[in-house]
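One-letter residues, chain by chain:
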Amino acid sequence: MNKLLVSVRAVTAGYNVADPVLRDVSLDIFGNDFIGVIGPNGGGKTTLIKIILRIIQPFKGEVAFPSGKITTGYLPQASQIDRNFPITVQDVVFAGIKPKNRWLPTLSKHQKEHAKELLSNAGLADYVRRPIGELSGGQLQRVLLCRALTGNPDLLILDEPSTYVDKNFENDLYEWLKKLNSRMAIVLVSHDIGTIASMVKSIACVNSTLHYHESGEITDELLAIYNCPIDLVAHGTIPHRVLGRHGNVT
Amino acid sequence: MNDLISLFDYLFFRNAVIATILTGILAAMTGTYIVSRKIVFISGGITHASFGGIGMAYYLGLNPFLGAATFSILSALGVEWISNKAKIREDSAIAILWSFGMAIGIIFVFLTPGYTPNLMSFLFGSILSVGTADLWMVAALAAVTALFMTVFYRPVVYSAFDPEFSKTMGVRVNFYRYAMSILIACSIVISIRTMGIILVLSLFTIPQSTAMLFTKEFHKIIFLSIIFGIAGSLLGLFSSYAMNIPSGASIIFGLTALYFFFKAVVVIWRFVQKQ
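Protein chains in written order, with my numbering: chain A, 1 to 250; chain B, 1 to 275.
Hints are computed from structural coordinates only; laboratory data are not their basis. Incorrect hints may appear among the rest.
[To be verified] In silico DSSO-like pairs for lysine-lysine, Cα to Cα no more than 27 angstroms straight-line:
1. Lys3/A <-> Lys69/A
2. Lys98/A <-> Lys274/B
3. Lys179/A <-> Lys98/A
4. Lys100/A <-> Lys220/B
5. Lys116/A <-> Lys60/A
6. Lys38/B <-> Lys109/A
7. Lys98/A <-> Lys216/B
8. Lys167/B <-> Lys109/A
9. Lys263/B <-> Lys116/A
10. Lys167/A <-> Lys178/A
11. Lys116/A <-> Lys98/A
12. Lys112/A <-> Lys220/B
13. Lys98/A <-> Lys69/A
14. Lys98/A <-> Lys263/B
15. Lys167/B <-> Lys69/A
16. Lys179/A <-> Lys112/A
17. Lys167/A <-> Lys112/A
18. Lys116/A <-> Lys216/B
19. Lys216/B <-> Lys38/B
20. Lys3/A <-> Lys178/A
21. Lys112/A <-> Lys263/B
22. Lys274/B <-> Lys112/A
23. Lys201/A <-> Lys179/A
24. Lys116/A <-> Lys274/B
25. Lys3/A <-> Lys167/B
26. Lys201/A <-> Lys178/A
27. Lys60/A <-> Lys38/B
28. Lys274/B <-> Lys109/A
29. Lys3/A <-> Lys60/A
30. Lys100/A <-> Lys112/A
31. Lys167/B <-> Lys274/B
32. Lys167/B <-> Lys100/A
Computed from a prediction, not measured in an experiment: that's the story for all the values here.
Model the full structure from these sequences, guided by the hints.
Here it is as structure tokens:
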């Protein structure tokens with residue numbers, strides 16, 4: 001279970017060679033990891049996961065898969081989804097299934113049943129044939145999570161899953177992820193540092209470069225002084241732990 | 001009524017009816033893709049750019065539809081390529097393509113010695129002059145499109161809906177998007193024959209809008225668009241004969257009339273249900 005799934009090695013990437021978003025970034029992802037990726041907007045969080053998912057290719061460095069080909073489940077940012085697109089909930093989830101034959105890409109009955117079962121476990125049994133335009137933000141996120149899970153991934157990557165959703169759904173989601181983590185590695189991109197600090201096993205701060213923290217501990221100081229300048233606003237106490245300084249920062 | 005039936009004695013009218021039905025089927029398929037991906041404006045650019053090909057072909061003495069097809073396929077691929085490169089402003093690029101294509105067409109038509117009698121038919125269509133060879137061409141393209149979109153229905157829809165996710169699933173997104181661009185370009189050019197450059201896009205958008213009053217599922221929109229497209233076009237074709245008005249314009253009138261009729265039906269139906 002604790003195999004090295006993905007190894008990002010000294011990657012420089014972005015949309016413009018002269019001004020890359022990520023510079024010389026390295027990250028190893030193991031089979032039972034639960035990594036929280038934090039950092040400011042524009043710091044390269046989404047670029048990092050698109051590199052891991054091979055949606056974009058790096059300018060320099062490489063992404064290796066030491067234990068062979070892996071299956072990934074990807075939950076993109078909700079803003080990337082066109083909610084007016086004429087497609088039903090079940091058809092969205094079916095997109096997460098790899099057809100056996102490339103030249104006749106149909107799905108088996110068994111594969112479809114599995115996808116529908118996931119939907120009913122997510123409380124969406126009544127919405128299977130509805131167009132996605134009729135869903136609330138939380139419901140859409142659940143559909144996208146089901147799509148990411150239908151292929152039984154080794155690695156689940158979520159990009160800001162808690163935007164546009166209510167607090168109840170957020171709690172459900174995090175409970176769900178904790179359970180899933182026993183079966184797969186999870187990389188969770190979030191701006192909501194307070195919540196993810198209480199559940200992730202390690203943290204990657206991405207702001208052009210990447211700092212990796214072996215534990216899921218986080219401090220206001222770390223965020224303010226080092227490479228993750230995010231506003232941390234909270235009422236009362238939020239669960240947080242203290243990290244040591246980055247070795248290469250004086 | 002007898003008048004209408006006797007119309008079918010004429011070959012040109014039978015051809016016109018068959019052409020209407022075939023283009024209705026073709027436009028329903030590619031049009032649903034256009035409307036779903038919200039690339040109506042892009043398709044407008046492709047349509048108008050094809051006029052450049054028509055003008056050039058006239059000047060060189062070639063088949064104008066070959067010229068139109070070349071220009072529209074190249075511009076469709078060009079636009080798809082541009083939209084993959086996020087840095088360029090896509091809408092501006094399309095506007096340039098749109099007007100530049102028209103400009104090339106106008107210049108070459110002007111340079112061509114003598115009078116070009118068919119120019120009006122390219123702008124407004126000439127469904128009554130459709131020949132048997134044209135019908136075979138539309139039929140062949142409709143068959144190819146139907147086959148492609150049936151066999152590769154899932155990857156085509158998924159590449160349009162969420163290309164990045166599809167890439168992570170190993171779908172060859174670029175292949176499907178470029179293939180659809182080519183099919184769109186070809187179906188637009190072939191439909192220019194019947195509808196003309198200025199009016200052709202209505203055939204790819206109005207039936208879909210009517211269909212979407214009733215369903216939000218991709219394949220159902222295609223089937224309903226076939227029905228509404230053919231019904232509206234035939235309505236227009238017959239009224240064009242009955243009232244002696246240009247067929248392209250009356251077909252759009254027929255398609256739009258169907259849209260507003262069903263829109264009214266839906267609104268009244270909802271109102272009655274509320275009571």
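Margin query: Checking each numbered hint in turn, tell me which of them this model violates, lowest number first.
Written below: 2, 5, 6, 9, 14, 17, 21, 22, 24, 27, 28, 31
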